[in-house]
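Enquirer: Chains as they are written, first to last, in this note's numbering: chain A, 1 to 309; chain B, 1 to 309; chain C, 1 to 309; chain D, 1 to 309.
One copy or two, it doesn't matter: identical chains are merged, so the pair holds either way.
Calculated lysine-lysine pairs in the DSS-like style (CA-CA distance at most 27 angstroms, straight line):
id : residue 1 : residue 2
1  : Lys109    : Lys254
2  : Lys109    : Lys27
3  : Lys254    : Lys42
4  : Lys273    : Lys254
5  : Lys303    : Lys42
6  : Lys273    : Lys303
Just so you know, these hints were derived from the structure itself, not from any lab.
None of these values were measured; they are calculated from a predicted model.
Protein chains: 4
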Amino acid sequence: MINSSVDFQGVLEEIEDEVRPFFGQGKNADYIPALSDVPGHKFAMAVQTVDGETFMIGDAEENFSIQSISKLFTLMQVLGLEDVDIWSRVGREPSGTAFNSLVQLEYEKGIPRNPFINAGAIVVTDILASRSADPSRRIDDYYRMLSGNPANKVDEVVALSEQEHGYRNAALANLMRSFDNIETPIPDLLDVYFRQCALTTSCVDLAKAALPLVCGGYSPIAQSQVLSGRDTKRINALLLTCGLYDAVGSFAYKVGLPAKSGVGGGIVAVLPKHFSIAVWSPELDASGNSLVGSKALELFTTKTDLSIF
Amino acid sequence: MINSSVDFQGVLEEIEDEVRPFFGQGKNADYIPALSDVPGHKFAMAVQTVDGETFMIGDAEENFSIQSISKLFTLMQVLGLEDVDIWSRVGREPSGTAFNSLVQLEYEKGIPRNPFINAGAIVVTDILASRSADPSRRIDDYYRMLSGNPANKVDEVVALSEQEHGYRNAALANLMRSFDNIETPIPDLLDVYFRQCALTTSCVDLAKAALPLVCGGYSPIAQSQVLSGRDTKRINALLLTCGLYDAVGSFAYKVGLPAKSGVGGGIVAVLPKHFSIAVWSPELDASGNSLVGSKALELFTTKTDLSIF
Amino acid sequence: MINSSVDFQGVLEEIEDEVRPFFGQGKNADYIPALSDVPGHKFAMAVQTVDGETFMIGDAEENFSIQSISKLFTLMQVLGLEDVDIWSRVGREPSGTAFNSLVQLEYEKGIPRNPFINAGAIVVTDILASRSADPSRRIDDYYRMLSGNPANKVDEVVALSEQEHGYRNAALANLMRSFDNIETPIPDLLDVYFRQCALTTSCVDLAKAALPLVCGGYSPIAQSQVLSGRDTKRINALLLTCGLYDAVGSFAYKVGLPAKSGVGGGIVAVLPKHFSIAVWSPELDASGNSLVGSKALELFTTKTDLSIF
Amino acid sequence: MINSSVDFQGVLEEIEDEVRPFFGQGKNADYIPALSDVPGHKFAMAVQTVDGETFMIGDAEENFSIQSISKLFTLMQVLGLEDVDIWSRVGREPSGTAFNSLVQLEYEKGIPRNPFINAGAIVVTDILASRSADPSRRIDDYYRMLSGNPANKVDEVVALSEQEHGYRNAALANLMRSFDNIETPIPDLLDVYFRQCALTTSCVDLAKAALPLVCGGYSPIAQSQVLSGRDTKRINALLLTCGLYDAVGSFAYKVGLPAKSGVGGGIVAVLPKHFSIAVWSPELDASGNSLVGSKALELFTTKTDLSIF
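With the rest of the complex left out, here is chain A:
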């Protein structure tokens, strides 16, 4: 087992020291108070190995806002459903522009480029919403099943704030609806979408919830095969090519792991067959990814020489 030779705890401790100079270079998300008010120098990491070991540093059990990382879990949930043809409604290519641009969506007739840009994630949520009486609860339950933590709940203040600042997402949903790529009534759909982004979670929870991407679709937490092996590989490929907004290339280049980020400052990444890793640090870089979190993951793959490349 390649993992056994690595001193994960020691590596995490080294990283905690080495990222310090980078605090203050990024900036909290500032479009809602609930995100801008989080102390900017928060830092936590958690590693979950395929062997069942957990390593952590910092406030790895403290909750933060999952934000766009929720897009990964709704995608997993949809791919676990039967009789869903998601790929006729969402593409699988990087977007090549800012993550919420309407331009490509219009040129490509309401088909979002991939499930990790906002428009694509809204379509994924639409699939869940059109098949459930209480889609918000269903999304939360799925995540709690994967993390094993019943305390992962929607922060209602955040959900409300998102709603109040969600005009761009409303524009995306309406544009897609004009191309017949949305089924759920838009206010209902956006309510579900904003709630999924307002879920609270910790680094430890995130690392656990991502384990199916490490274990060929099996969740050791839920003790259940939640994805096929084939879909697991495909999600990892999508994460690598589309998971980091407009910084996928740089992230693949520097870190070399499939990953998903959120503007709450979280990033979760996986090395298939080896480990999942989550990091949290609220200050964001110009691409909207955690600045210190990205640096920490780069240090991690450099120090351990563990990446997919």
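Go by the hints and put chains B, C and D onto chain A.
Expert: This is chains B, C and D only, laid out in the frame that chain A set:
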């Protein structure tokens, strides 16, 4: 008086003959039944001179759906208000692309290129809506004042249909709201906007209502100065450069009059100091303008040698 | 005769006073020394009436660089040829973006939006170049015929500088060639194009050369019908909708005359059947049009109440 | 050693059978005769393992046109140079649009999104061209060193054809030059670029030449460390996120290997620490990648369960 030498009635009758071969080359708007069901070969024209004469041909007193021509009258209405700085919220340049594109709106930070594309017209309506308890009624009253016809009313079936197919306009409004360029709650605003587009009018009404653009801002129907002379010239300039969707250049080239069209098949045009002219024929060309109507106006300015150029 | 009641000379003198506060607000074109080195506070105007009168103020007989105004004269020259179908190779719609953008050209398969953006002007020159052994000389001769001034010559220093900074125009030409919309070998074509932009002329020359657009296609200078009446109107329409880069709407709104500008600081405008007018002032506004020149023309149409609207 | 348990030869033979139904579904590149005239049903594969073993099927030693795969080797060559800051002149993000689009290049001020789109590859070649007296020869020598085959030569007929159809690349180069991102005189630069694309090679050569990406930067053929371990990983990351034109996402999703394709029908892919693999089949899919080649690689990673995910 240059008009007196022209046999307007004779010219209209010649045109009625000469446009016949063009029926069937265009296609009714088909996104709502109320427009697609109108007999395609309807044809009417009305000329209103500065001297108070009216000339008409065809069903010039039959009502049709005003659609985007309403954008001209809401703009006139806003420019007649005091203390409104519309030009900080809407540009005055041609859009250069399809009339409802979101692309430029996004690149230009939610400021529509001009008041005659949908986004710009929605901002104009927003100005009226944010200053009135019953903006729909106010818009209708203004038009009835200019046309002198109290029978110009909203077609409720059309208004409802617009609402049901208005997702793209909802996308525009939400996008502009995300840039803080919309004040009115969006469902309320769109309701007003869809209602103004569903106003019914005739060629004779339209020609009368456009007279202020002929008479330096004075409405001989309302017997009132509704616009300054300066604003009147400016609206005519805007019509010429922005009034015909993505065909302003061709229209200026062929017809040479400031004009505004609607997908109901109406077009209203003016020659300042001389006359206003309205035409109605429901079949549209690829740019969304009345195909036979455009041809009729081209014949009119060719035959009379009356244009601004 | 409406002109006879206007004191043109008095108006020009008033304008000369009133534009003074605007010097220094714009900025000379700076991409080539020959333009950036021109004294910024130069100012001249010339009016040429349909009755043969000339009025002028400032250095109205001093030469400056014609630059993009040459596009107007090559278009006139091509439209005066027989058997040329220019409109299958160039559109007639405003561009809606910066004047040298490649974006629309690519989306529209190498067909430029109109003959007054660089790409369109290059196609117009291509038509002349593919039909003549010495196209540069032919272009110069045509302009000299219209201005009546054999001293209008290419400034070889400017022509060379253009060549050295013309990579963007080379990109346009190559892109259009990839869509089979250019025939002449590109280095030869660009040489002709850069030379036409380097022609030197004065306000008086420009106002005379534009007279065919005032006189239904007849040049009183050349004593020759150089354009059909129909094409004359059409060129005026194109000027109004496309002649001022990305400021056509504002210019039509403020000035209300068909016009063409150049980055040398010149603008020529016409009121059909009445007069042509040229202005020169080297400092440009953000749209690349003479700032003081635009202001002067606005004052002119306001003071005389003469515009097409 | 994971490879030892896989029957590579047997897998290649199975694939040769299973891809047969896909012949005729794609279409040879048709912009130059030298590519359109290649028999469409050609098929070859070669695998080169880290242990020095070679497996092959079909005409694996027959030469074809390397085309865009050359972009991989010029990038490797530039990264092997000292004192070159390539990343200030080329980005590392997927382009998200067709591979030769000018749009993003203009919006991003002449900085191409990555070194594998044409614009980016031209900048890479510019770096080589500006540092060498005979850059074409230097590029060929580098490739021959990596493949170990002195017979890899430029096909002069193809090079000439490229030149004659290279107007779009000339547009790209001129546009970048206008942003000061090209140093070499453009005709010289394009000559070098078109020659590198006209290099002929075989599957066996390609698989050998790609071995440094498998072996941490060491070429067992040249017996030389040609790249640092760090740059090797980075190139693999760039290949995965940017190597397949507008199909990187789908390719990562289906195949899961860093790879580079060319319109000659070749694709080369690597699994770091394990093997390189090359495939050749001239018929292309809508994205410009070998249709049968992509299918063959998908079958290969499915059958062997060897991919980076």
